[in-house]
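Protein chains in written order, with this note's numbering: chain A, -10 to 148; chain B, 175 to 865.
Among the clues, some could well be false.
[Claimed, not checked] Straight-line C-alpha distance at most 27 Å; calculated DSS-like pairs for lysine-lysine:
id: 1; chain 1: B; residue 1: K634; chain 2: A; residue 2: K52
id: 2; chain 1: B; residue 1: K634; chain 2: A; residue 2: K61
id: 3; chain 1: A; residue 1: K28; chain 2: B; residue 2: K637
id: 4; chain 1: A; residue 1: K37; chain 2: B; residue 2: K341
id: 5; chain 1: A; residue 1: K61; chain 2: B; residue 2: K663
id: 6; chain 1: A; residue 1: K37; chain 2: B; residue 2: K345
id: 7; chain 1: A; residue 1: K52; chain 2: B; residue 2: K637
id: 8; chain 1: A; residue 1: K37; chain 2: B; residue 2: K637
To be clear, the hints were calculated from the coordinates, so they are not data collected in a lab.
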Amino acid sequence: MKRYLILFLTLSTFLFAEAKHNHLAYDGVSSLIKSIDDKAIVLGNGQKDVYAFIDPMCRYSRKFIKTLSSNKSMLDKYRYHLFLYEIPRLHSQKVIYAIYQKKNRVQILLDVMLHDKHVVPLNNTPLVEEKRVVSDIAKVAKELDVFKRPYIIVSQESE
Amino acid sequence: MYYQTPKVERYVAFILKNRLGIILTFFLISLSSLLLYQPHIHASDAMFWLKDSKEFQKTSKLHYDTFFLSKLSVHVDTIDNKNMQSLQKLQQRLSHLQHVQRVTSLFSQTIIHNEGKDDSGMLGIINFLSMPSYKLKAIIAKLENPYAHFISDDLHTFYFYIASDAKVDLKSLHLEQKYSCNAVDYYINWSEYLPYIFFSIVAILVIFRVIFSNYISAIAALIVVSFTTLFTFTFIGLITAKTDLYVVMPLITLSIAMVDYLYFYYRWHVSQYKTDKKHALVKMLNRNMTPALWTSILTAVGLGSLLFVHSEIIRMLSLSLILSSIVGYIINISFLPAFLSYFRVKRAHVKFAKVCYAFSSSELHYSKKLLLTLLSATLLLLFVGAYKIYDKSGSFFQLHVKNDQLMMMVPYKTIDLDFINRLQKFSTDIKKAFPESIDEVSSLASMVEELNSANTQTVKLDKQALEQALFYMDLYGLTKDYYNDNGAKITINIFDIDKNRLIEWLKNYKDINIYFVDKGSLINSAMYEKAMLLSISLLSALLIIGLIAGWIFRSFSMAFVGFIGNSIPVVWFGLIVNLLHIPLSLEILIAMTIAVGLASDATIHFAFKYFRSRYFGRSQKQALEKMFFYAGIPVIVGSFILIVIFSLLGISGISSLEQIGLYSALLVLLSLLTDLFILPVILLFVDKFQR
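This is chain A alone, in the form it adopts within the complex (with noise of 0.2 Å):
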C-alpha cells in the first residue's frame, strides 16, 4: 500500500509541475526568427517588425488578428511576420498548407482567421515546398520552444 501511495504521490507531482520554458537571449532568438524570415506571411508596412507564431484556427490567434488588422495605426506603426505553426489538437496542419499553397497568402489567412473560409490544400496533398518551409518554421519554433499561439517576439532593433 505504501509503495502505491508512493507510486501516486510522484505522478502526481509530474501532473501539478508546471512546465519550464526556455528564454534564449534575444540575439539568438533573433537569429533563429531571421533565419526563417522568407517564409513569413507579412502583414501591415510599420518600422518596427513583430514575429508571431500562430495558428489559423486557434481563436486567440484569430482575435489577435483581428484585433491588429482592425486597427490601422497598428498595420502602419508595425509590420507582422506572422509563421503558421499548428497547435496539434487543433489539427489545422491541412489549412496551413493550403495557405502556404497560395500565391496570395495574406489575403488567405485574413479570409480564414476573419471569415472562417474554409480551405483545403490542392489535390489534398502538400508540395515538398510546402512541406519544407512549415517544417523549418516547427524546427525554429521547437528551438524557440513556442509553446503558446500567438507567440510573439517584439524586434529590439532600433527603428
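Using the hints, position chain B against chain A.
Frame of chain A, contents of chain B only:
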C-alpha cells in the same frame, strides 16, 4: 500738519465756476476709458498664479499641454445594477463633453489578463466600462479594493477626475444623482454676476437713504466708486500694458473709494446743519484734503516698494490699492464738490450719530492693562506668525486634500528598462515617503508591470518583456494614457495628504525630472513658492506704513500706532485662518490688501481729527467725540456697506466670489472693531498733549 487748515475758498470758487465743465470732463474721460480699455476679465485667479509659477515656466519650456483637473463627486443611495449602469454611462458621456481630454474613475479602469489558460499567449483587457454590474459590485465590495480612491469610504460617492482645457459644462448632462464638482469658472458668466451687482446697488441706495435721508448720497457714491474703479484699471492697463483682470480685484477699488468718499460726503452733509451749501463745500475740502492726501501718500509709499517685487500678483494688488487711493482722492476733491454743488441737504441731521458720544465716554476710561495685554498678544502673534512663515510650518503652507489626483509628465530619450526602473523606483520612493497617503501611482512602469505579470510568455521584466508590454499597450489603445512622444505620464491618486508637502517633495525628487501638468498642482506650487514673498511683502508694507505715519505726525509713538493699528486686523485674521486650516489664496491676499488700505485710511483720519482737536485745546473727551463724529461715522457707514456687499457676495452662489466675500466681510469687520475700540484707545495712550 494736522493743526493747519488749508485755504480752499478760491479753489471752491473755481470749482463752482467750472462745475459743469468738470463734471462733463469726468464723464468724457470715463467714456474714453470704456472705449480704450477693454480688459479680459477672468473669473479665476489661476492665470495670475500660473504667470508667477516657476514650475509652469519649466513645464511650458517642454511644450507640455497643461490642463485643469476637476473632481466630480456623484452620490448614489445604493450600489445596484441601475446605478452602476448609470455611472458607466456617465463615464462615457463625460469623456465626450467639450474640452474634456481625459476622465479617470472606477469606470475607466482596466484589468489585464491572459486570454485562455492552456495554449494562449494572447493578453486580453477587461474594461470596467463594459463590465457587468454584478462584477463591478463584487469589486467595490472587496475589503482590499485597489480602486478605493475612486469611491468614498461609505461606498456611496464615486469620484470622476476630469482633465480639461476649459471648464466643462456639467449642467448639459442633466445628472439624476446628487453631485458636486470642484471645477472653477475660468470665464466670466455675466448672467451670474448681474443679479449680484443689482442687489448691491439696491443695498447701497437703501442704506444711504436710511442714514442720510436722501438718494443723492448713494448716487454720488456709485458715480465716485465707478469712476475710481474705471480710472484705476485703465491706468493699470496703460502702465503695465496688461489687460488681464481678475474679477475680484475691483473690490479693492470699491472698498477704498467708498470709505474715502464717505469722509468727504459726510463732512459736506453734516456741515449744512449750521452753514450754507457753499460753505459746506469749503468745510468738506479743508477738513479732508490734507488727511486724505496723506492717506494716499501713505498707501503709495507704503506699498510702492512692492511694485518692484517679482510677482505679477503682488504688483497688481499694490497698484490697485495705490492708484485707487490716488484716483479716489482726485475725484473727491474735483468731481465730487462740482457734483454736490448742485444739491442741498434738507435734513443735515444724521441718524445714529449720537452713538459716537457713547463710544467716547466708554473709551475715555480704558484699562491700560487690557490695552497692553492686547497689544502684547498682537505682537506675540505677529512674531509667532512671522516665525511660522519663515519656518514654513503655518497652515498657510498646508493644503489638506482627500481623494485627490495629481498629474505629471516625465521626459525621456528612449523608453528602456532603465527608464522603467526609474519610474518604478519613483513609485516605491513616494509610497515610502508618504505611507498610507498615496493610494496609487499610475505610470508607464505600473502598466508595463501589470502587462508583464499577465504575460505567460515572459517571466522577469527584460527588454523583450518591455517591448511586448509596449506592443500590447499599442494594441489596446492604452499608449495615449501613459506616454507620448514628449514624455511619460504619471498620475498620483492621493488618499489624504498635505498636498503642498507632496508637491515640495516632488519638486525636490532627483531620480526623474518631474513636470506638473495639471494646473491645480502648478497653482499650488506657485502659491507655495510665493507665500514667503507675499508674507514678507505684507509685513514690510505694515512697517513702512507705520514709519510714514510717524513721519506725518512727527512722532515715534504714531509710528507705533500706524504699525499696530494696521497689523491688528491682519494678525487676528491670520490667526482665524490658521485655526481654520485655510491655505493661502489670492482671495485672502485681496481681503488683507483691502484691510490694510482701510486701516491705514482710518489711522490717518482718526489721528488727524483727534490731534487737531487736542492741538486747539479740546479735552480728551471732546477730541474723542469730534474724532468719532467726523471720522468714526464715515468709517462705520462705509464698513457697514462693505460688510453688506461682501456678505451678499459670500452668499451669492458664485463659486469664485464666495470666498473673497466672506474673507473680506470678516476682515472689514475686524478693521471696524479695531477702529472703534482699539485705535481711539491707542491714541489716548500716546496722547502727548496729556503730558
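Right, here's what the structure says about each hint:
1. This hinted pair checks out: B:K634 and A:K52 have alpha carbons roughly 26 Å apart, not beyond 27 Å.
2. For the suggested pair B:K634 and A:K61, the alpha carbons sit about 31 Å apart, so the restraint of at most 27 Å is broken.
3. Using a Cα cut-off of 27 Å, the hinted pair A:K28 and B:K637 holds, with the two alpha carbons roughly 26 Å apart.
4. Proximity of A:K37 to B:K341 is assessed by CA-CA distance (about 40 Å); at most 27 Å being required, the pair is judged violated.
5. The hinted pair formed by A:K61 and B:K663 meets the criterion: a straight-line CA distance of about 24 Å does not exceed 27 Å.
6. For a cut-off of 27 Å, the pair hint linking A:K37 to B:K345 is broken: about 46 Å separates their Cα positions.
7. Between A:K52 and B:K637 the CA atoms are separated by roughly 25 Å; this keeps the pair inside 27 Å, and the hint holds.
8. About 15 Å separates the Cα atoms of A:K37 and B:K637, which keeps this hinted pair within 27 Å; it holds.
In the structure shown, a violation is registered for the earlier hints numbered 2, 4, 6, in ascending order.
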